[in-house]
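Chains as they are written, first to last, in our numbering: chain A, 20 to 570; chain B, 328 to 512.
Do not rely on the hints blindly, as some may be mistaken.
In silico lysine to any residue, SDA-like type, Cα no more than 25 Å apart, as pairs [what the hints assert, rightly or not]: (1) B:410 <-> A:190; (2) B:394 <-> A:238; (3) A:426 <-> B:447; (4) A:374 <-> A:277; (5) B:496 <-> A:433; (6) B:410 <-> A:236; (7) B:394 <-> A:235; (8) A:331 <-> B:394; (9) B:499 <-> A:568; (10) B:499 <-> A:223; (11) A:426 <-> B:470; (12) A:331 <-> B:442.
Chain A is faced by these chain B residues, among others (derived, beta-carbon under 7 Å) [as the list claims (entries may be wrong)]: (13) 383; (14) 388; (15) 390; (16) 410; (17) 413; (18) 438; (19) 442; (20) 446; (21) 452; (22) 454; (23) 455; (24) 465; (25) 468; (26) 499.
Hints are computed from structural coordinates only; laboratory data are not their basis.
Here the structure is a predicted model, which means the values were calculated and not measured.
All C-beta atoms in this analysis are idealised placements derived from N, C-alpha and C, irrespective of residue type, glycine included.
Chain by chain, the residues run as shown.
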Amino acid sequence: MPTLDVEKIKKEVIDSQLWRSVFRGGAWKDTPRDRAGHIIGNVWLHLHPVKIRPRALKWAYTWGMGGISFALYLLLTLTGVALMFYYRPTIGLAYRDIKDLEFAVTLGVFLRNAHRWAAQAMVVAVIAHMVRVFLTGAYKKPREFNWAIGVLLLTLTLFLSFTGYLLPWDQLAIWAVTVGTNMAGATPVLGNEGPLGALMGMRINNDVRFTLLGGTMVGENTLLRFYVMHCVAVPLVVGILLILHFWRIRKDSFSAAPYVANEEKVDVWPHLVKREYIGAAGTTLLIMIWSILQNAPLEAIANPNVTTNPSKAPWYFVGLQELLVYFDPWIAGVVMPGLIIVGLVAIPYIDTNPKGVGYYAWKERPFANTLFMLGVVMWFALIFIGYALRGPNYAWYWPWESWYMLKAAPAATWSVFGPKGVGAYSMLLGIPLMGAVSAAWLFLPKLIEKELDGKKMMGAFLGLVAVLAAAGMAMGKMGATEGAFLLFFLGASFYYGFVLPQRHIRTLDWPRYLVTMVLVISTMSVLLKMCARLTFNIKYVLTIPSISMNF
Amino acid sequence: MSDTNPTPVPNPAPPATAPKPAAKPAALSRGDFLWAGWGMLAAFFAASAAAGARFMFPNVIYEPSQKFNAGQASGYDLGVSTKWLNEQRVWIVRTPSGFYAMWARCTHLGCTPNWWGDQNRFKCPCHGSNYTLGGDVIAGPAPMPLWRAKVELAPTGDLIVDKAVLENKPGKRELAPYFVDYASA
Chain A
20 MPTLDVEKIK KEVIDSQLWR SVFRGGAWKD TPRDRAGHII GNVWLHLHPV KIRPRALKWA
80 YTWGMGGISF ALYLLLTLTG VALMFYYRPT IGLAYRDIKD LEFAVTLGVF LRNAHRWAAQ
140 AMVVAVIAHM VRVFLTGAYK KPREFNWAIG VLLLTLTLFL SFTGYLLPWD QLAIWAVTVG
200 TNMAGATPVL GNEGPLGALM GMRINNDVRF TLLGGTMVGE NTLLRFYVMH CVAVPLVVGI
260 LLILHFWRIR KDSFSAAPYV ANEEKVDVWP HLVKREYIGA AGTTLLIMIW SILQNAPLEA
320 IANPNVTTNP SKAPWYFVGL QELLVYFDPW IAGVVMPGLI IVGLVAIPYI DTNPKGVGYY
380 AWKERPFANT LFMLGVVMWF ALIFIGYALR GPNYAWYWPW ESWYMLKAAP AATWSVFGPK
440 GVGAYSMLLG IPLMGAVSAA WLFLPKLIEK ELDGKKMMGA FLGLVAVLAA AGMAMGKMGA
500 TEGAFLLFFL GASFYYGFVL PQRHIRTLDW PRYLVTMVLV ISTMSVLLKM CARLTFNIKY
560 VLTIPSISMN F
Chain B
328 MSDTNPTPVP NPAPPATAPK PAAKPAALSR GDFLWAGWGM LAAFFAASAA AGARFMFPNV
388 IYEPSQKFNA GQASGYDLGV STKWLNEQRV WIVRTPSGFY AMWARCTHLG CTPNWWGDQN
448 RFKCPCHGSN YTLGGDVIAG PAPMPLWRAK VELAPTGDLI VDKAVLENKP GKRELAPYFV
508 DYASA
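Excised from the complex, chain B in its bound form (with noise of 0.2 Å):
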């Protein structure tokens, strides 16, 4: 080991046109790799957010069938059967020419409504709408007619109600198969 002074050497000035060491273009400014970074942690909450929005729509559910045997046609009088009400929330109507089911949901905000017959009028219980015979809405805030169920005259004579199958509209209520022909006795 010498301990002489190593020979001082000129400080090497770069020559001004000595090409620079091969000084690779950034392929990302630390400013971009921030923005990615960020741009990417957001992208992570929002997907996030996402599935969790989505975890809360289950992809199974476990409801009643929405499908029930009436029992034999010939056992309803005419008029409102409030039959099936406790168990299946469904108004069995006889008219002199048929069947159809009303489905007792009220349109307003799905209260049940009861049926009074002195006054030939269903009224709901929750915020007074007023329905006719038919379901159409004569009074209080309901803001369309009331819904039927398919129904259907098994061979048995049986009705047949589906509440999965729904219609209101006038014109398309009164036919098959919302309404079953039956004539009276």
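Same shape as in the complex, but just chain A (with noise of 0.2 Å):
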């Protein structure tokens, strides 16, 4: 009985004219230098070294989430496109045309899943590449601009997330563009309801937000706007900016972790793609199964005249749009988001602590991991107040509490300095007062030369707002809810907005302390804003109508 050699036949197939042509390189025989050659010889790959650091293949180290990121990106493309075939974005056919794909094409609806689900996903592990890359200090030098060039990914990974969610033209679609592109009309000078907006001319029909919609509403130009943006405009910046990120990568060396006795490089191929495949190959077939499992939503057809009750921004915005709920559109909708963006580039240039680089290290680098956490665990939760917390009218709404009781009126807010607080020119007042307490906040940490005693600080601090809480509950004017937002605060802003950095960043020199104070002092704002308004129910800590300036 002849027996099928396997082994002959893979042989003589390798070493046909055909096979050859195709894949440089003689037989395989699987030594070091074939090894080289795999990588060297072959276009898709040869953007790896040829030998890395066996400390770079850790799943425990790695997470594997850039790798997954860039996965997730190629699926996205693949499914992306395959939608373009059946997707026409006009007013009239766009919610057809998803619906077609829901209903009539075959395969449409798994496809569009897909593609949902993987975007939603990559916004997920560009964020966790982020978060380790963070923890593990991998971006300080010489990965400085390699970490700015992620922070532009990660920025243009929502940005293809918004526009994305525009197409399918549903209810969701329009409010959330509608209050995504009206935040770009608060804009300071650029915007015509911003800050000094209406002053420098800008009007409905010629400022940052009209360039957006291709108009002064959400329509057809806005649809096709955002195609072009989503399917071409950004994917290809984005496409540049791996090419680089990856370049960098590969130029800076794969891991900064400390060399150890004795270590030796092992051969990327077949470590390191095996480990690459294995990430790409896992995260689609869980894409797939999702997809299978679980619709992409759809909401209603678009309606420009009337929104959802409650209307909420797909998950990953919900925390913006609850910081929209404190803070004037132009400091939530453009500001802070402009701060977060440049303070994440500027960490690798304020952050001169030599030390852990490579590694976790929760002692040697207190402060830096930190703030930073607290920025990002701050993110989540606002996520999750808006996502789980806010029901009807957009009103605060327990887990537990039915969305089908209308909630009693809020009360009416007041604003401090301004009309209806301490007067209607109390801006003259509140302007330097302002001005001073920041000034304090920014400087004092560091003008105080010695370690203050942070655990006597912050019971004293603790002491005194415990106090105050207790007479302001003693006087009717604050329930337990309001003393404990208050306590927790106030007494959250304090220590990591100053017993902190006076303990850990009064060292600096005085560019690199200023800028991170600036961001820290942004970061306590948000806290206590929340505090003002959940507590004693501010509006606003100063307000100038007359330039549409509200702090």
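Combine the two chains into a complex, taking the hints into account.
Listed below in structure tokens is the structure:
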């Protein structure tokens, strides 16, 4: 009985002229030379080095999140191109085409689901990648610039999601984009509703919002613009930045971890390439299963006149939506996101701590890790509040409260330095007062040259707040919930905004110290403004209505 | 052809006093030329960027008319009518002395609030802004009152609303053309 000699067939195929014309190199003998040649001789693989430190292969070290983000980007490109065959970006057709994809096109619903879920997974993966890179100090010299490119890629990932969800032309689409573009309209100077905007001649038909929309309202031009940005312009920019990102990883070397004795590099083929394939395959499998089990949401067809109640952004923007409850749009929608992006880019340039490169270092980098993780936790806490605790009319509903119960009308809000607060011209008092408080907060931690006792300070501060809260409750101005809010928010702001900087960064040089403190104080201002609203019903701390400037 | 060596010519050392061949003073040195070249390139890119930005501002937009006929004034009861909300995004409000038309666009970020008659408030579903019947903000993040649209009473008895002409300042918004006197029957 003739047996099938697999090895012989394999050899004959690989040695054939056809195979050798496609794949370079001689017979595969799995020597180190072969493995190196495989990386060097393959256009897709040659961005890899030939050999790599074993440290850079460990899942516990890399989380595989960068690779998985890229795998998702490829998956999104594939499914996105497929969807384009059935989708026409016009108001009359867009929603119908999505419905057709769902009900009339073979595998249409599966591809749409995969596209939507992969997009959300990519947001998670990119954020996780950033957190990992931060915690292992992998942004430090000489990798500062690659971290900046990474921040841009994160921003563009979110922007791709934002432009993508207008396309189905459902209620989520139109209202998310209405709100998003109106935020652009609140940009200082460049937006018609922003501070100084009207003064600079901005109108509804010549400001930055108008260019985004291609009109004065979300309409036909907007859909086309977002379609082009989503399918062509932004993916192109992302692709270019990705090449730069990968190239810098290669040039700056894969792992920053300290060398161990007798460490020997291993071959990238198969060790790293294998892991990349496993990561990509696992991700694809997960997305496929998820897409079979769970359909992507599609609300009613867009109605430009009536908003769903409540209307919520996709989960990754709900934190921003919640922030908009507390701050004026120009702060929550423009300044804060801008500060987050600029602040993230600035991190490698203000963090002078040489320790903790290439490994988790909670003890060696207490300030950097604590503040960064505080920012991440706050972002997700805001998402949780917006997603889980907001109901009809965007009122606060605890999870056990029914949405069918109409909440009592919220009490009237007031502004401290404004017409309904201290008085019509109180801004003349409020501006210098706010300036003085901010300046004191900004400079004091460094000006006090010796380290203060954190525990004593916290004790004294919390004691003072507790006394004030008790007094407030005794006078009937405040309930127990408000008292607890006051203690929590003020305590947290004092600890993270004063005690920690005083202990850890007062030795930084002035420029780095000031940049860091501006970022810290901006973060704390979120806690303080939430406290002001939730405890005292304060709308603005300071308002200058004549130039639409509200704090 | 003579192959004799040409008479050697003594190297004519230029006489120290001889005037230089009229060396024209260069109109443009090499360095200046480069600066001008780079400058023009930069100007080209700047102009291209400006032109590209201008390209993104459409000159003609095709958007629906902001003016509509809200029907017979006598057909409205006292209070807030949501009759035109779905089509025109406007509430027609009838008071004992007349009419005003409120544009149903939250001044915060542009969602459409809902009218809750039992609480006498407009409430926005996006960030929770609350407005009074007159459009003043009482809670939530909205920075200014709701806009009222121009409204006129046609000789036919119809209310003509124009959302392109808006006003929200107390004192102005209660007067014509943002208010139509219409005595209750």
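A quick look at each hint next to the structure:
no.: 1; hint: B:410 <-> A:190; verdict: 21 Å, holds
no.: 2; hint: B:394 <-> A:238; verdict: 18 Å, holds
no.: 3; hint: A:426 <-> B:447; verdict: 13 Å, holds
no.: 4; hint: A:374 <-> A:277; verdict: 10 Å, holds
no.: 5; hint: B:496 <-> A:433; verdict: 19 Å, holds
no.: 6; hint: B:410 <-> A:236; verdict: 22 Å, holds
no.: 7; hint: B:394 <-> A:235; verdict: 16 Å, holds
no.: 8; hint: A:331 <-> B:394; verdict: 31 Å, violated
no.: 9; hint: B:499 <-> A:568; verdict: 23 Å, holds
no.: 10; hint: B:499 <-> A:223; verdict: 21 Å, holds
no.: 11; hint: A:426 <-> B:470; verdict: 23 Å, holds
no.: 12; hint: A:331 <-> B:442; verdict: 19 Å, holds
no.: 13; hint: 383; verdict: 5 Å, holds
no.: 14; hint: 388; verdict: 5 Å, holds
no.: 15; hint: 390; verdict: 6 Å, holds
no.: 16; hint: 410; verdict: 12 Å, violated
no.: 17; hint: 413; verdict: 6 Å, holds
no.: 18; hint: 438; verdict: 4 Å, holds
no.: 19; hint: 442; verdict: 11 Å, violated
no.: 20; hint: 446; verdict: 5 Å, holds
no.: 21; hint: 452; verdict: 4 Å, holds
no.: 22; hint: 454; verdict: 5 Å, holds
no.: 23; hint: 455; verdict: 4 Å, holds
no.: 24; hint: 465; verdict: 5 Å, holds
no.: 25; hint: 468; verdict: 6 Å, holds
no.: 26; hint: 499; verdict: 15 Å, violated
Of the numbered hints given earlier, the model fails hints 8, 16, 19, 26; all others are met.
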